[in-house]
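**Q** Sequence:
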Amino acid sequence: MTTYGSAGAAVPQTEDIFYRSHDDLVLYVRKYGSDDAQARPLLCLAGLTRNGRDFHDLAAALSTHPTHPRTVYCLDYRGRGRSEWDRNWRNYSALIELQDVEAFLTLRGRSDVAVLGTSRGGIITMLLAITRPAAIGCAILNDIGPAIETAGLARIMGYTGKIPVPADWDEAVRVVRDINKRQFTALDNAGWRSWTRQLFNEDAEGRPAPAYDPNIGKALSEIDISKPVPTMWEHFESLRSVPVMVIRGEHSDLLSAATVQEMQARHPRLTPVLIPNEGHAPLLKDRFSERLIADFLIDADSTWRALPRPPLPEPQEIFSV
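In terms of this note's numbering, the sequence shown opens at residue 25 and continues consecutively.
Hints in this document: simulated from the structure, not taken from any laboratory. Possibly wrong hints are sitting among the right ones.
[As the list claims (entries may be wrong)] No more than 25 Å apart at the CA atoms, straight line, and that leaves these computed lysine-lysine pairs for DSS-like:
#1 K186 <-> K251
#2 K251 <-> K205
#3 K205 <-> K186
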């Protein structure tokens, strides 16, 4: 069985941040740790239908690291988690979400950050390397690369926006297990329940509630999987100047071992990691993943120096509770 969580871990300092997008949606970010941390800050970007809760255990551990604590920001894209839903489903695109990420970095006065992107978040990371290269000091791509396997994409398209909201948490756990049990072969009951709580919001009566706008499925259906999926090798190579870690789940059907090998051939400072017993995308909740990521970030910190940051924008642009 895989062991999740960090026994005896310190309780992290957290802050809820809300900010407005260019088209006036209120978006949510959870911050872990203090702005006074001397290590390079980490921005966590989730998968297509996922949210910042995916990174809670990792963010808690990194922000309370005994020697290198760092500020960690976990972002909810529009239509996910605690962020507002978009009335126009066509705005659920990587390019629009990239703009939302750029806006947050600008509003917080952050550059040269570490970026951890899971799946969709890794695509946004590679786009950010093109549009704002100074924003990225190092990158972690979680089960995503410049080439996406059609089988995995088709599987995700098959359920996104199509699963009814479960009536209670027990049913929710069964649904999550049924969909993912072939990809995640070592999760115990506690692991499935913890993951389920990440995947759903909770309504006022304590029942599962949607954690993403089902219309994201409409945006995803625009992809024609009868044709080769466009690759992002030029975007990936924009990361050549910074350290990169690529994490692949042993059972992944979205990122192939061959793609990881090609990434190694094209990047001089790429660290490949294989997570056993997990598929798309590794949960990053086990101590093995936690330690590898912490060590990678500490090594990358040697090239980073904290710079004075400009004052935060006025409250109407960004606000915290």
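**Q** Look at each hint and say if it fits the structure.
**A** Now for the hints, and whether the structure bears them out:
1. K186 <-> K251: Answer holds: K186 to K251 is near 23 Å, not above 25 Å.
2. K251 <-> K205: The hint is violated at about 28 Å.
3. K205 <-> K186: Roughly 18 Å between the alpha carbons, so the hint for K205 and K186 holds.
In this structure, the one hint that does not hold is number 2.
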